[in-house]
Amino acid sequence: MENLILEGTKYTPDIKLDADAGMVSMVGKSYPENTFEFYQPIMDWMEEYFAKNAKDKTTVNMEIIYFNSSSSKLFFDFFDVLDEAKAKHSIEINWIYDKENESALEAGEDFIEDFENLTINMVEKI
Amino acid sequence: MIGAEDKLTQELDELKVNFSHTIDKLSKDLKRQNKIMARSDTRQRKEYDELQLKLKEVEYLSAEIEETQREVVFTMGAIGERRSKETGNHVKRVAEYTYLFAKYYGLPEKECIMLKQASPMHDIGKVAIPDAILNKPARFTPEEFEIMKEHAQLGYDMLKHSNRSLLKMASIVAYEHHEKWNGKGYPHGTQGEDIHIYGRITAIADVFDALGSARVYKPAWDDEKIFKLFKEERGEHFDPKLIDIFFTHLDEFLVIRNKLKDI
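Chains as they are written, first to last, in our numbering: chain A, 793 to 918; chain V, 264 to 526.
Simulated from the structure, these hints should not be mistaken for laboratory data. Incorrect hints may appear among the rest.
Unchecked claim - For lysine-lysine, the following BS3-like pairs were computed, each having C-alpha atoms within a straight-line distance of at most 30 Å: (1) K821/A <-> K298/V; (2) K291/V <-> K865/A; (3) K847/A <-> K917/A; (4) K447/V <-> K412/V; (5) K821/A <-> K288/V; (6) K891/A <-> K865/A; (7) K447/V <-> K481/V; (8) K917/A <-> K317/V; (9) K294/V <-> K878/A.
As the list claims (entries may be wrong) - DEER-style ranges, computed between Cβ atoms: (10) E829/A <-> E334/V: 51 to 57 Å; (11) I857/A <-> P450/V: 55 to 61 Å; (12) T851/A <-> K309/V: 29 to 35 Å; (13) T851/A <-> A301/V: 28 to 34 Å; (14) E327/V <-> E894/A: 29 to 35 Å; (15) E327/V <-> H881/A: 56 to 62 Å; (16) Y323/V <-> N893/A: 22 to 28 Å; (17) K294/V <-> T851/A: 24 to 30 Å; (18) S861/A <-> D287/V: 19 to 25 Å; (19) N909/A <-> V321/V: 44 to 50 Å; (20) V873/A <-> Y323/V: 46 to 52 Å; (21) Q307/V <-> E840/A: 34 to 40 Å; (22) Q307/V <-> H881/A: 34 to 40 Å.
Note that beta-carbon positions come from the ideal geometry of N, C-alpha and C, so glycine has one too.
With the hints as constraints, model all of the structure from the sequences given.
This is how it looks when you write it as structure tokens:
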């Protein structure tokens with residue numbers, strides 16, 4: 793399975809979906825013009841990865857600094873995919889935030905609250 | 264019959280389960296949506312507050328920059344004035360006169376205000392003229408006069424490199440305030456409307472004030488003598504339109520002169 797790598801822009805995060813390493817990472821801001829269209833390839837990749845190519849352990853690192861409302865909706869959908877895959881795969885999620893960034897901290901807490909079965913670590917940036 | 268009823272009950276039960284799943288999912292989605300909305304409202308409020316704060320800062324800084332420019336320009340004008348031992352309020356009066364001329368000539372208000380701020384620098388080039396010539400209490404020899412005339416070019420050279428609109432304007436004023444409408448001025452002998460309006464305005468404002476003030480080499484002229492000269496120089500030394508403005512609004516020019524007279 794091919795890796796999917798998207799370089800970050802002013803409005804979108806750096807995205808690295810590495811099937812060989814079992815590593816998924818999103819770092820940066822998320823204000824795409826059309827959020828669902830932008831993230832569709834990422835969602836498709838995730839579905840295919842868990843269907844056929846998942847490693848023994850998958851690590852998801854998310855460090856989203858700023859994001860619009862449709863991005864938060866999309867992250868819920870993204871966590872839904874992880875939640876479903878959880879039954880068959882070992883997944884660890886790191887939600888990385890800056891302690892000055894209240895919105896990012898709160899968003900992480902929301903995900904923990906909503907996805908009790910997922911392992912979500914709140915990681916404060918040093 | 265019994266079999267058919269059982270089947271129906273079974274189907275209904277399945278429907279019930281499906282229905283309840285769908286309801287659960289919908290209600291979960293709805294809760295999420297509400298949460299997202301609430302969070303994003305809070306975030307937007309915070310971002311709005313931050314933006315307002317930044318805007319205030321930018322406004323404060325712009326005002327600060329403009330004020331600094333004004334002060335620098337005015338101080339430079341004052342330096343030039345002090346060195347050539349002009350009378351105390353000369354540049355202030357010239358500033359006010361240029362504003363009036365600009366206003367009645369029809370320049371936009373913002374430009375009039377800028378000209379008022381830039382025109383005090385018209386003689387800044389004099390800082391590079393030797394004292395012995397600058398303050399000579401008698402008529403210049405032709406050689407001295409040639410050196411004296413250099414102050415227009417010198418002032419322009421000092422200011423022309425700036426990209427600041429106010430200093431650019433000041434460079435034009437310094438350069439062209441000794442040009443004459445008939446082309447007999449200096450440094451270039453530029454004619455008519457080829458002389459920038461800032462130069463034409465500062466020329467008449469400067470001469471009006473200089474004639475009415477006592478200098479080391481001459482007493483102050485009385486008004487009749489000044490008005491006579493202005494009429495003669497209409498379309499010669501000065502832009503005819505500006506002479507007309509001067510006489511039409513004479514009372515306003517005299518109010519300024521009175522308010523800012525030298526003690």
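These are the hints, each one checked on the structure:
1. With a C-alpha separation of about 20 Å, the suggested pairing of K821/A with K298/V holds against the 30 Å cut-off.
2. Our distance criterion of 30 Å between C-alpha atoms is met by K291/V and K865/A, whose separation comes to about 12 Å.
3. The suggested pairing of K847/A with K917/A holds, with an alpha-carbon distance near 27 Å, which does not exceed 30 Å.
4. For the proposed pair K447/V and K412/V, the alpha carbon gap of about 13 Å is at most 30 Å, so the pair holds.
5. Distance hint between K821/A and K288/V is fulfilled; the C-alpha atoms sit about 29 Å from each other, no more than 30 Å.
6. Note on K891/A and K865/A: the hinted pairing holds, with a Cα-Cα distance of about 23 Å set against a maximum of 30 Å.
7. The suggested pairing of K447/V with K481/V holds, with an alpha-carbon distance near 23 Å, which does not exceed 30 Å.
8. For the hint pairing K917/A with K317/V, the CA-to-CA distance comes to about 26 Å; that is within 30 Å, so the pair holds.
9. Proximity of K294/V to K878/A is assessed by CA-CA distance (about 22 Å); at most 30 Å being required, the pair is judged to hold.
10. One distance hint, 51 to 57 Å for the beta-carbon pair E829/A and E334/V, holds here, with the actual separation near 54 Å.
11. Between I857/A and P450/V the beta carbon distance is about 59 Å. The supplied range of 55 to 61 Å therefore holds.
12. Range check, T851/A to K309/V: about 31 Å between beta-carbon atoms, so the 29 to 35 Å window is met.
13. The given range of 28 to 34 Å is respected by T851/A and A301/V, whose C-beta atoms sit roughly 30 Å from each other.
14. At about 31 Å, the CB distance of E327/V to E894/A agrees with the hint of 29 to 35 Å.
15. The hinted range of 56 to 62 Å is satisfied by E327/V and H881/A, whose Cβ atoms lie roughly 59 Å apart.
16. Checked against the given bound of 22 to 28 Å, the beta carbons of Y323/V and N893/A, roughly 27 Å apart, stay inside it.
17. A beta carbon spacing of about 28 Å between K294/V and T851/A agrees with the range 24 to 30 Å that was offered as a hint.
18. Against the hinted window of 19 to 25 Å, the Cβ-Cβ separation of S861/A and D287/V comes to about 23 Å, which satisfies the hint.
19. At about 48 Å, the beta-carbon gap between N909/A and V321/V stays in the expected band of 44 to 50 Å.
20. Distance hint for V873/A and Y323/V: a CB-CB separation of about 48 Å, consistent with the stated range 46 to 52 Å.
21. Separation of Q307/V from E840/A is about 35 Å and conforms to the stated range, judged on CB atoms against 34 to 40 Å.
22. Range check, Q307/V to H881/A: Cβ separation about 36 Å, and the 34 to 40 Å hint holds.
Consistency note: the structure conflicts with none of the earlier hints.
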